[in-house]
Amino acid sequence: MNGFDARMKAWLVWALPFVAIAALVGWETDWGHALKRVPALDANVAAQPVPVALLPEFRIDGGTDSRRETVERTLFNPTRRPAPPQSSAAAKPAIQPGQFVLTGTTVVDNKATAFLREVNGGRSRRVQQGETINGMLVAEVRADRVELTAGETAEHLTLKVAAGPKTTIQPQVAVAPPPQPQPGAAGVPQPGQNAAAQPQGQTPEVAEVLANRRRAARAAEAAAQSGAQPTPTAPVTAPVQQAAPAQQAPKQNDPAWNDVYQRYIQRNQGNSGR
Numbered sequence: 018m019n020g021f022d023a024r025m026k027a028w029l030v031w032a033l034p035f036v037a038i039a040a041l042v043g044w045e046t047d048w049g050h051a052l053k054r055v056p057a058l059d060a061n062v063a064a065q066p067v068p069v070a071l072l073p074e075f076r077i078d079g080g081t082d083s084r085r086e087t088v089e090r091t092l093f094n095p096t097r098r099p100a101p102p103q104s105s106a107a108a109k110p111a112i113q114p115g116q117f118v119l120t121g122t123t124v125v126d127n128k129a130t131a132f133l134r135e136v137n138g139g140r141s142r143r144v145q146q147g148e149t150i151n152g153m154l155v156a157e158v159r160a161d162r163v164e165l166t167a168g169e170t171a172e173h174l175t176l177k178v179a180a181g182p183k184t185t186i187q188p189q190v191a192v193a194p195p196p197q198p199q200p201g202a203a204g205v206p207q208p209g210q211n212a213a214a215q216p217q218g219q220t221p222e223v224a225e226v227l228a229n230r231r232r233a234a235r236a237a238e239a240a241a242q243s244g245a246q247p248t249p250t251a252p253v254t255a256p257v258q259q260a261a262p263a264q265q266a267p268k269q270n271d272p273a274w275n276d277v278y279q280r281y282i283q284r285n286q287g288n289s290g291r
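Taking the numbering used here, I'd label the letters of the sequence shown as residues 18 to 291.
The hints are simulated quantities; they were obtained by calculation from the structure and are not laboratory data.
Where a beta carbon is used, it is the ideal one built from N, C-alpha and C, also for glycine.
Just so you know, not all the hints are guaranteed correct.
[What the hints assert, rightly or not] Taking CB as the label site, the calculated pair distances span:
(1) A64 with A40: 55 to 65 Å
(2) V67 with E45: 29 to 39 Å
(3) F75 with G152: 14 to 24 Å
(4) W44 with A64: 46 to 56 Å
(5) E148 with V178: 18 to 28 Å
Sequences and hints are given; from them, build the entire structure.
Okay, here's the thing in structure tokens:
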């Protein structure tokens, strides 16, 4: 009995997969009905037109004139009032000037851009030629103006540029340096010259030179009176001063200086003879 049970179990293990496969194939093929071949259609069969029966056009007896009240007060209008008369021509859009102020433009190659500022609010807008702004077309953008159009009306915005002050550039003229004064020029007195004869407005340096010369002259005169030979002193030179062009420097061989020098020699000789 045990051997028979073992063989049955072995047969069941091998038979169950085959039964499952057969059931699946039968289910997919509708148990053989799906394996029937469909007859091939004749390719030469021409399509037959399908007759369509149209209803006759509806017409009101007596025309719409006899039913004018029904047409004017149609049921599809909740108020049952006649529709307002339609204008033959629609109202054309009109431009409202004064909305924008032109603040700048840029035109580069084929791209033109305009910079606008709203009058009410001060908002800045940037538009290109061909675009619309507030229902207005930017028809043209130039370097100093912009044209806005709406329908048959147009507005031209001009770029306002504040004029600055006029400036004139003067040519630079080379100024020659003033000539250097020669020794003995005006403002540099010679030895023995009276201080009162000096021009007005002497500088402290010139006054100091004159004082040194006067002290040297007095020392030489005192030495001559005492019988000693005067020791020559180094000439004191004054700093170079720019002399006025209208003044003329005295000459080196001044007759007054020669006269003073001659009197000085004669006095020394007289003192020596004593």
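Checked hints:
no. : hint                       : verdict
1   : A64 with A40: 55 to 65 Å   : violated, 44 Å
2   : V67 with E45: 29 to 39 Å   : holds, 38 Å
3   : F75 with G152: 14 to 24 Å  : violated, 44 Å
4   : W44 with A64: 46 to 56 Å   : violated, 39 Å
5   : E148 with V178: 18 to 28 Å : holds, 25 Å
Of the hints listed earlier, those the structure fails to meet are numbers 1, 3, 4, in rising order.
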